[in-house]
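Asker: Here's the letter readout for the chains.
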Amino acid sequence: MIACVVLPRADAALARRLFAVSPLLQREGALVFLDDRGLERLHGGPAGLFAAIRRALAPETVLGLALASNRFTAEVAARFLRRPVTVREGEEGLFLSRLPLAALPLPADLARRLQPLGLETLGDFASLPSAGIERRYGQAGVALHRLARGLDARGLLPEREPQELCVERQLDSPVDRLPLLLPALEEAFSRLCPVLTAQGQGATRLALDLALDDVLPDDEAPPSPAAPDASAARNGGAAPRSRRFELSLPDPEDRAPLLLDLLRLELERDPPGAAVVALRLQAPAVAPLARHQNALFGEVARDASRRTEAVARLATLFGPQAVATPRLRRAHRLEERWELPDGAASRASAGPGPSSPAPPSTPLRVLPVPEELVPLTVGGQLTGFRRGRRELRIVRAHGPRRLTGGWWRQPWARDEYELLTPDGALYRVGRDLHAQRWLLFAEAD
Amino acid sequence: MPHPLPRPLPDALLGRLSSGWPALDELLGGGWPPGELTEIVGHGRASLGLAAVRQAQSAGQPAAWVDGSASFCPATAGVDLQALTLVRPPPALGRPERPPRSRRRGPAARALLAADLLLRSRAFGLLVLDLPGGESGGAPPALAAWFRLARQARRAQSVLLLLGDAERAVAGSAAGLTLRAAWRHPSAAAWEPLPPPALEVAVLRRRGGPIERVVVLPAAP
Numbered sequence: 001m002i003a004c005v006v007l008p009r010a011d012a013a014l015a016r017r018l019f020a021v022s023p024l025l026q027r028e029g030a031l032v033f034l035d036d037r038g039l040e041r042l043h044g045g046p047a048g049l050f051a052a053i054r055r056a057l058a059p060e061t062v063l064g065l066a067l068a069s070n071r072f073t074a075e076v077a078a079r080f081l082r083r084p085v086t087v088r089e090g091e092e093g094l095f096l097s098r099l100p101l102a103a104l105p106l107p108a109d110l111a112r113r114l115q116p117l118g119l120e121t122l123g124d125f126a127s128l129p130s131a132g133i134e135r136r137y138g139q140a141g142v143a144l145h146r147l148a149r150g151l152d153a154r155g156l157l158p159e160r161e162p163q164e165l166c167v168e169r170q171l172d173s174p175v176d177r178l179p180l181l182l183p184a185l186e187e188a189f190s191r192l193c194p195v196l197t198a199q200g201q202g203a204t205r206l207a208l209d210l211a212l213d214d215v216l217p218d219d220e221a222p223p224s225p226a227a228p229d230a231s232a233a234r235n236g237g238a239a240p241r242s243r244r245f246e247l248s249l250p251d252p253e254d255r256a257p258l259l260l261d262l263l264r265l266e267l268e269r270d271p272p273g274a275a276v277v278a279l280r281l282q283a284p285a286v287a288p289l290a291r292h293q294n295a296l297f298g299e300v301a302r303d304a305s306r307r308t309e310a311v312a313r314l315a316t317l318f319g320p321q322a323v324a325t326p327r328l329r330r331a332h333r334l335e336e337r338w339e340l341p342d343g344a345a346s347r348a349s350a351g352p353g354p355s356s357p358a359p360p361s362t363p364l365r366v367l368p369v370p371e372e373l374v375p376l377t378v379g380g381q382l383t384g385f386r387r388g389r390r391e392l393r394i395v396r397a398h399g400p401r402r403l404t405g406g407w408w409r410q411p412w413a414r415d416e417y418e419l420l421t422p423d424g425a426l427y428r429v430g431r432d433l434h435a436q437r438w439l440l441f442a443e444a445d
Numbered sequence: 001m002p003h004p005l006p007r008p009l010p011d012a013l014l015g016r017l018s019s020g021w022p023a024l025d026e027l028l029g030g031g032w033p034p035g036e037l038t039e040i041v042g043h044g045r046a047s048l049g050l051a052a053v054r055q056a057q058s059a060g061q062p063a064a065w066v067d068g069s070a071s072f073c074p075a076t077a078g079v080d081l082q083a084l085t086l087v088r089p090p091p092a093l094g095r096p097e098r099p100p101r102s103r104r105r106g107p108a109a110r111a112l113l114a115a116d117l118l119l120r121s122r123a124f125g126l127l128v129l130d131l132p133g134g135e136s137g138g139a140p141p142a143l144a145a146w147f148r149l150a151r152q153a154r155r156a157q158s159v160l161l162l163l164g165d166a167e168r169a170v171a172g173s174a175a176g177l178t179l180r181a182a183w184r185h186p187s188a189a190a191w192e193p194l195p196p197p198a199l200e201v202a203v204l205r206r207r208g209g210p211i212e213r214v215v216v217l218p219a220a221p
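Protein chains in written order, with our numbering: chain G, 1 to 445; chain R, 1 to 221.
Since the hints were derived computationally from the structure, they do not count as laboratory data.
Since the model is a prediction, treat every value here as computed from it, not as a measurement.
For glycine and all other residues, C-beta sits at the position ideal for the given N, C-alpha and C.
Check each hint, because a few of them may be wrong.
Below, a sample of chain G positions facing chain R; criterion: calculated Cβ distance under 7 Å [stated by the list, open to error]:
id	residue
1	ARG307
2	PHE318
3	PRO326
4	THR362
5	LEU364
6	PRO368
7	HIS398
8	GLU418
Please put together the full structure from these sequences, using the hints given.
Answerer: This is the structure we're talking about:
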């Protein structure tokens, strides 16, 4: 059975009070439909259901109330009769037959075409043959004809009952240390976050109100958020102090461990200052979570916000320069052909650099600090280098390519060679013409 | 009668990342395997890693490069730097000033820590871990550390390429696939510039597969 309640106006808050009567509720303007299937034993039949609806709403806000086996009959009964009506199953056609034709949601053109027929009630319209209705007025006419006969197969599209995004907790005894408060916070998050997740929402703002066990003069005591009675009694009736901690999050978040960590850091930075006797955790602002749908055999969708979060963690761990994006620039020396932005806090702050070069044939590995090589000669001819304990024997060499620069500040000049060793490795070495020493700059990799 | 085990899915359906060279893709069974640790040793390993980054970027998959050896050359990488998450763990600090906890580890351990953190985010389709080689890298991480990293890659379903030492593999049995790369230079007259080399790739170790195959690739895919 479907109940229909007519309210004075479309009022979501008023309609939501009816969740106390039935969990399946649909709003349509000033009309509220309730599905009472399975609730007969709870309410004790139609009379009990009507009483429950009147208890949930103020009596003057109920303009119409009806219970019927289908939605159209319940709606028409509630709108046209100002008293509670129950239309039993099988009697819909009879009940509707006496109501005016205006009860049908007739389109203007169809109403104009029906007017010459002299129809006045729904019963008059229902008595017309179905075949003729279809032939003359098409499928729209057939649908209206079925409604006039009390046949309506439409169900409800119930909305979800909104859940309060707030958790309150009274502590057994005043807690004056953060490690002892954390389990209570963790428990509060374990209740709040599943509600957020179930709604597909994430918190963008988080507020924690702590009631503190401390007595202040009355003129200094701010109002308490949670008003713990035990604490008030302990303080001789004085209102306890409270502290409010707020977090603003860049993206909607529903992960309890992360939110707990952020709140812990906030509490470590700015301790409450007194023992905590009660807490209230709420999410005053929420937004839909970004969700990804992965294909069964396709690639896994990657979450950009998690990527940003991972990079931010690395920046915290290693410093912002560790995750800065290098910018390419023109320079003679290979090791100067890029730079890291000064004070780059993240990849996002790095400005657009020159476009990436075309894929080179051999990428290079540039040594962070050029490594000094010891030349090996045989008969006055250079045959190789000693690099640490290893010996690089030259199979082929190409060069030199003389590079100079810095004459206005710190002059430098070097001859660069490309050396091939027997194992196929290709090295870029240079002879510093000022210091007269051989340096290894890069290796092809 | 025991229920037959389900047959594994064809490799082509498992979202493998192309290497950029059809011959190497054939050797790898369709491309770089996601959810596995693949180690590459030898000269030319960075070329394979950079080609994988280019392929991931063209496929719209986020890629990260952990430059543990501090030798990444942006000027010759040939990848979209703005779209690449490049992480350079800092060098160890000296003894007098007490470094933060994260900097007390060795270079290899710091690179491993960064890779672990990136994989845990499950936000990257490709992660290339360039490990410091030789004496500068200190003691190589224990085998258990590689197994932990491989597990993170499996959970994230990310392609994890480990560019290890130039000469020997370090991840051992934690790697599902171990390749050796080497440059092969064609002969030319002494006065001519060095011609572009070819890249020879051989399978050193493969879990449950043949290892005897070798392919020779042009340097640029």
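Asker: Take the hints in turn and mark each one as holding or not.
Answerer: Going through the hints against the structure:
no. : hint   : result
1   : ARG307 : 4 Å, holds
2   : PHE318 : 5 Å, holds
3   : PRO326 : 4 Å, holds
4   : THR362 : 6 Å, holds
5   : LEU364 : 5 Å, holds
6   : PRO368 : 4 Å, holds
7   : HIS398 : 5 Å, holds
8   : GLU418 : 6 Å, holds
Figure legend: structure checked against the earlier numbered hints; every hint is met.
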